[in-house]
Amino acid sequence: MPTSNASTFVVVPTYNEAAALRQTLLPLVYEGYSVVVVDDCSADNTLATIQDLSLHYLRHPINLGQGAALQTGMRYAVTQGAEYVVHFDADGQHDHREIQTLLAPVKAGEADIALGSRFQRTDDVEAVPVLRRALLKVATIINGVTTGLWLTDAHNGFRAMNRHAADAIRMSENRMAHATEILSLIRQNRLRYQEVPVHIVYTEYSKQKGQSALNAFNVLIDLILKKLLL
Amino acid sequence: MTPIKILLALPLLALVLLFLTRLQNQTFYRLSLILVALAGLTLVLFPELSTQIAVAVGVGRGVDLVIYIGGVVFFIGMVVLYSKLRRIERTQTEIIRNMTLNQAKPLNQA
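Top line first, the protein sequences correspond to chains A and B.
Read in order, the letters of the first sequence correspond to residues 1 to 230 in our numbering.
Read in order, the letters of the second sequence correspond to residues 1001 to 1110 in our numbering.
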């Protein structure tokens, strides 16, 4: 690629992740990506831990949720002239070396958005804890039924898209239901999408931070209510 | 006029007055709320009416009918409130987002 990584904006929503954030950001900054940290009103010392890094820092004055933070980051990236936008988790469960893998179909013009999947290579699948695997399978079915997009993975926060997709996707689900809403928006905006195998690192830290089964239930209720009310 | 009738009728009357003076731009809400309050007022003043209606629709007792209708009205109220909250939340998000974007700062950019 003739253009450098600077035109790729990596959006990292963060909420009380000061313990892991710096380690997540260092390689991204080092590789020359335009890093956009969206601090969703963390109560810890998030800013202090990353103050010396070269990145874009945005802070919500009140806590709105991960979906809202992603949306703020995307809007910012688009106004800053981003060519590509990547969604990246703050807790270190995504591998920065896989950003280019994920971007490959987008850069090649084969897709507007690439979605990371843990369920396309056996060794990736085996890395997912058994209970979570079952939960995600159920979620893919719910997503398929409600959005019409049948994917192998659900709630995978690792995504890469071109400018067109970043501009077209406008989420209104502030909290976790945004993961399913993105799929609806992909379909509504007729974006070309592809699933790309990625590896997710389950550390003790990220497991503890991850979604519980109860949360998945809440997301489901939210989506059903949304279907009924809008 | 028994004391309980006055006790129940006065707040309902106050509600009718409230809706008459408020919600100028929401004719539909205004009218339906006034109608509901008036219906309540009528039932308070003429309780036998509820039994007659109950028998007519096949419920049996007037009190049961009032409870059933109350339940439905409560549920509809919840849904209306929920969707209003969603709308407020969306506006709030938009305001917060614009504030955030206006205050965005690049740290140590070359």
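If you are wondering where the hints come from, they were derived from the structure by calculation, not from laboratory data.
Take these hints with a grain of salt, some might be off.
Just the calculated beta-carbon pair ranges, DEER-fashion [claimed, not checked]: (1) P1011(B) <-> R192(A): 55 to 61 Å; (2) N1025(B) <-> V130(A): 52 to 58 Å; (3) F1074(B) <-> V130(A): 54 to 60 Å; (4) Q80(A) <-> F1028(B): 55 to 61 Å; (5) M1099(B) <-> L131(A): 35 to 41 Å; (6) L131(A) <-> Y1082(B): 28 to 34 Å; (7) N1025(B) <-> R170(A): 55 to 61 Å; (8) D44(A) <-> Q1092(B): 45 to 51 Å; (9) Q1092(B) <-> A19(A): 26 to 32 Å; (10) E126(A) <-> Y1082(B): 38 to 44 Å; (11) T101(A) <-> R1022(B): 32 to 38 Å.
Derived list of chain A stretches under chain B, where covered just means 3 residues or more per stretch with a C-beta under 8 Å from a C-beta of chain B [as the list claims (entries may be wrong)]: (12) 41 to 54; (13) 73 to 79.
Where is the CB? At the ideal position from N, CA and C, for every residue including glycine.
Results of checking the hints against the structure:
The given range of 55 to 61 Å is respected by P1011(B) and R192(A), whose C-beta atoms sit roughly 60 Å from each other. Between N1025(B) and V130(A) the Cβ separation comes to about 56 Å, which falls inside the hinted range of 52 to 58 Å. Between F1074(B) and V130(A) the CB atoms are about 43 Å apart, so this pair departs from the stated range of 54 to 60 Å. In this structure, Q80(A) and F1028(B) break the distance hint of 55 to 61 Å, their C-beta atoms being roughly 44 Å apart.
For the pair M1099(B) and L131(A), the supplied restraint of 35 to 41 Å holds, since their beta-carbon distance comes to about 40 Å. Distance hint for L131(A) and Y1082(B): a CB-CB separation of about 32 Å, consistent with the stated range 28 to 34 Å. About 28 Å separates the C-beta atoms of N1025(B) and R170(A), a value inconsistent with the hinted range of 55 to 61 Å. In this structure the supplied range 45 to 51 Å is violated for D44(A) paired with Q1092(B), their Cβ-Cβ distance being about 24 Å.
Evaluation of the 26 to 32 Å hint for Q1092(B) and A19(A) yields a pass: the beta carbon distance comes to about 29 Å. The beta-carbon spacing between E126(A) and Y1082(B), approximately 42 Å, falls within the hinted interval of 38 to 44 Å. Range check, T101(A) to R1022(B): Cβ separation about 59 Å, and the 32 to 38 Å hint is violated. Note: the segment 41 to 54 of chain A has 5 residues with beta-carbon separation from chain B under 8 Å; the three-residue rule is met and the coverage holds.
Here the segment 73 to 79 of chain A counts 3 residues with a CB under 8 Å from a CB of chain B, which clears the bar of 3, and the coverage holds.
Of the numbered hints stated above, those contradicted by the structure are hints 3, 4, 7, 8, 11, listed in ascending order.
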